[in-house]
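Student: Next come the chains, spelled out residue by residue.
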Amino acid sequence: MNRTLSNKQLTDDLVRPVFNTSVWFYAVVFAAGTVVACGAVAWGYQLWYGIGLSGKRWPTFWALYLTNFVFWIGISHAGTLISAILRLVNAGWRRPVTRCAEVITVFALMIGAMFPIIHLGRPWLAFWLFPYPSAREIWPNFRSPLAWDFFAINTYLTGSLLFLFLPMIPDFALIRDRATGWRRTFYGTLSFGWRGTTKQWNRLESAMQIMAVAILPVAVSVHTIVSFDFSMANVPMWHSTIFGPYFVAGAIFSGIAGLIIAMAALRKALHLEHYLLPLHFENLGKLLLLMAILWGYFVFNERLTVWYGNEPHEMAVFWATQRGAYAPLYWTMVICNFVLPLAILMNPYTRGIIGCVVASTGVVIGMWLERFLIIVPSLTHKQLPYSWGTYQPTPVELLIMAATFAAMILLYTLFAKFVPIIAIWEMKAGLPSRMDQSVLDEERLQSTRLGSEPLPDAIGQGGAQR
Amino acid sequence: MKSIYGLYTDPHVAQRAVDNLRAAGVTDAAITVISSEPFDHFEFGHRDAKTAMPWIAAAAGLVGLVLTYYLLGASQRSWPLVTSGMPIVPNWTNLIIIFEMTMLSAILATVVTLLVTAGIPSRRGKMYDPEVSDGYILVGVENPSDASKLEPALAIEGARVKTTA
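Protein chains in written order, with the working numbering: chain A, 1 to 466; chain B, 1 to 165.
Hints were generated in silico from the structure; no laboratory data involved.
Predicted model only: the values in this text are computed from it and were never measured.
The beta carbon of each residue, even a glycine, is placed where N, CA and C say it ideally should be.
Here are some chain A residues the structure puts well away from chain B; computed CB gaps all over 10 Å:
| no. | residue |
| --- | --- |
| 1 | Gly44 |
| 2 | Leu289 |
| 3 | Glu302 |
| 4 | Tyr386 |
| 5 | Leu398 |
| 6 | Ile409 |
To spell it out: a stretch of chain A is covered by chain B in this simulated footprint if at least three of its residues, at any positions, have a beta carbon under 8 Å from a beta carbon of chain B; those stretches are:
| no. | stretch |
| --- | --- |
| 7 | 7-13 |
| 8 | 155-166 |
| 9 | 193-203 |
| 10 | 213-227 |
Start from the sequences and build out the full structure, keeping to the hints where you can.
Tutor: Structure follows, in structure tokens:
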């Protein structure tokens with residue numbers, strides 16, 4: 001990366017996708033849109049003929065839909081949480097990463113929150129679940145983890161939407177000033193009349209700091225509460241105190257993996273090679289490695305405690321996953337979540353962009369399997385052996401699941417088309433040429449003390465790295 | 001709206017323009033600095049930095065906490081449901097919802113405070129130049145009593161000075 005970028009070049013590069021559309025954009029939108037449409041048809045089919053078209057049978061009433069619910073809520077932890085942490089510790093390398101990450105949160109939450117509604121079978125009655133006193137005498141039970149889900153997910157979604165939208169306002173103003181016609185009106189409306197006075201900048205930065213502080217515990221609470229959906233029930237291998245932190249760690253793990261894949265795709269598709277640098281992937285790769293080790297630690301804790309306790313009903317689930325019908329899925333999960341990331345990411349020579357993407361793909365697959373293996377084996381092996389059963393997903397369920405993955409790709413592609421996927425003003429603020437010399441000297445000194453590379457003068461390199 | 005302003009590419013020069021305006025007798029409140037990025041490392045970037053936003057967010061969080069505590073207890077007493085031998089108003093489980101609503105109140109109050117204090121949404125009509133989006137820093141004065149007196153203060157290092165009627 002020897003290219004030196006000016007302020008104007010940086011802006012031109014990052015707003016280019018808004019004004020120019022490649023043929024790939026249409027191809028991706030068409031392909032992903034087709035799969036989403038197929039999923040919508042499958043859902044309509046299920047609505048028409050009933051929930052019996054899904055594979056949900058006694059005793060497995062939580063199956064693929066709830067697996068996907070937990071999976072997508074987990075993926076949502078990529079964005080706002082990581083962005084908030086990096087913002088609070090003022091990590092300079094966050095600048096090109098934050099928006100890519102925050103978008104994942106919003107879309108993954110929206111997709112995840114759809115699954116309980118699909119799972120209901122009769123979504124037009126979904127409002128019966130909303131916790132409010134009603135004349136139907138369906139009273140809100142605030143002790144139910146499902147009611148906690150409602151509050152937690154909505155708080156996180158609202159916070160994440162605002163956390164994503166507020167820093168976009170200055171970029172909308174920037175596009176407004178360059179656009180003509182409908183784009184000028186569109187972005188002019190979205191920019192809220194932003195001018196960029198010092199007062200506006202100071203208020204925006206204060207708001208982002210406060211929201212980062214507020215959103216962190218909310219993000220942790222969301223997946224803890226999702227874990228309560230399971231751990232509050234007296235079902236074998238669910239009723240565990242470790243589930244809260246185990247779910248949070250798993251969510252961050254899968255979230256980072258999702259973020260790395262999205263960043264690699266954006267880098268290639270939007271030619272962002274000068275902004276999403278190998279350094280960003282390496283830093284996220286190290287974070288992924290840490291989470292892989294943490295995940296292994298949690299799984300070992302959970303499994304060892306169950307094995308040592310030797311409770312017959314828990315051991316039934318334990319052996320079903322270790323060497324029974326679910327063993328192939330279980331060991332695939334262990335390879336994808338632990339062996340593969342460690343093998344790739346512990347070695348600095350394989351911790352490049354490709355290595356990170358391969359490890360992340362493994363983690364996404366592994367974490368989906370983990371969600372499935374938490375839900376289904378426990379429900380098919382409950383306390384009384386006469387209630388044991390099996391579960392097999394149906395084509396309708398699989399199609400709806402595929403549609404949600406396509407929906408993520410579609411929404412992400414559309415977002416990257418209409419909004420700069422990297423926060424332009426944050427990138428500009430990190431350019432060495434825009435900083436005071438004393439600050440630059442101090443940062444150079446610090447980076448030398450830390451034993452890292454000194455801050456380069458080249459804007460493209462230094463601005464993106466710090 | 002009448003205004004006079006200079007456009008600068010270098011933040012150091014913009015800082016000097018601000019200092020010159022002060023020396024020319026213009027008050028801080030009358031000086032407007034507009035840019036397409038924040039300048040935290042320059043003195044002019046810290047004007048108007050003082051804000052009560054954290055306190056407002058904390059107060060709103062407290063209001064959310066008290067309101068949710070009251071509303072939850074009131075609804076649970078109105079429809080007393082017995083679940084698993086728990087009390088009618090179980091504070092342990094209520095804490096979860098109280099926490100979420102506290103944080104939501106703080107977040108929403110932060111956003112409202114931002115919008116109100118930053119003056120957005122607003123209709124255009126105030127001093128602005130689209131060249132700001134290309135990286136220029138605008139330093140100027142709205143409705144100056146005598147624009148010609150301020151021109152030398154702004155015209156430094158070849159900066160373009162513009163006036164609007």
